[in-house]
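Student: Residues in the sequence shown are numbered from 1 upward in steps of one, following our numbering.
It is worth saying that the hints were derived from the structure and are not from the lab.
Any given hint could turn out to be false.
EDC-like cross-link-like pairs, simulated, lysine to aspartate or glutamate; straight-line CA separation at most 16 Å [said to hold, decoys possible]:
(1) 64 <-> 40
(2) 12 <-> 40
(3) 27 <-> 40
(4) 64 <-> 54
(5) 64 <-> 25
(6) 27 <-> 92
Distance ranges between label pairs, derived from CB positions [stated by the list, open to error]:
(7) 84 <-> 43: 16 to 24 Å
(8) 8 <-> 48: 16 to 24 Å
(9) 59 <-> 94: 26 to 34 Å
(10) 46 <-> 4: 16 to 24 Å
(11) 66 <-> 38: 14 to 22 Å
The C-beta atom is built at its ideal place from N, Cα and C for all residues, glycine as well.
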Amino acid sequence: VIIQRLAYVIMKRKASDNHMEGYAEHKYWYTTGIMGLLRDLPYISYGHIRGTIDGLVSRGLLQKIVFNQTKERGRRPNWYTFTADGWRMLYEFHII
Numbered sequence: 001v002i003i004q005r006l007a008y009v010i011m012k013r014k015a016s017d018n019h020m021e022g023y024a025e026h027k028y029w030y031t032t033g034i035m036g037l038l039r040d041l042p043y044i045s046y047g048h049i050r051g052t053i054d055g056l057v058s059r060g061l062l063q064k065i066v067f068n069q070t071k072e073r074g075r076r077p078n079w080y081t082f083t084a085d086g087w088r089m090l091y092e093f094h095i096i
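Take the sequences, apply the hints, and build the full model.
Tutor: Given below as structure tokens:
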């Protein structure tokens, strides 16, 4: 469910009229971080979401960057996108 949500948001962002939102380093990113997933998926615990994200990053399926360009002082959210291997996994397992 977490992987599907990430893929859905990234693909929706790419297809939207405002497709430059969440676009950096020639990729589309999930920009609302762990707390955004927690709001979108309130039936899944923070620890489970964090563990899933960390596992995908450590396996090289998800890329994470800390994006510094926010207007709120001190806020440095993590942004996530799938790597080439991650997109391949999504297609092979028919997640997207």
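Student: All the hints need checking, so say for each whether the structure fits it.
Tutor: Do the hints match the structure? See the list:
1. Taking the CA atoms of residue 64 and residue 40, the gap is about 19 Å. The hint is violated against a cut of 16 Å.
2. Of the supplied pair hints, the one linking residue 12 and residue 40 holds, its CA atoms being roughly 15 Å apart against a limit of 16 Å.
3. Simply put, residue 27 and residue 40 have alpha-carbon atoms about 22 Å apart, too far for the 16 Å limit, and the pair is violated.
4. Distance hint between residue 64 and residue 54 is fulfilled; the C-alpha atoms sit about 9 Å from each other, no more than 16 Å.
5. With a C-alpha separation of about 12 Å, the suggested pairing of residue 64 with residue 25 holds against the 16 Å cut-off.
6. A hinted pair counts as satisfied when its Cα atoms are at most 16 Å apart, and residue 27 with residue 92 does not qualify at roughly 21 Å.
7. Between residue 84 and residue 43 the Cβ separation comes to about 31 Å, which falls outside the hinted range of 16 to 24 Å.
8. The beta-carbon spacing between residue 8 and residue 48, approximately 18 Å, falls within the hinted interval of 16 to 24 Å.
9. With their beta carbons about 19 Å apart, residue 59 and residue 94 fall outside the hinted range of 26 to 34 Å.
10. Take residue 46 and residue 4: their Cβ atoms lie about 18 Å apart, and the range 16 to 24 Å holds.
11. At about 19 Å, the beta-carbon gap between residue 66 and residue 38 stays in the expected band of 14 to 22 Å.
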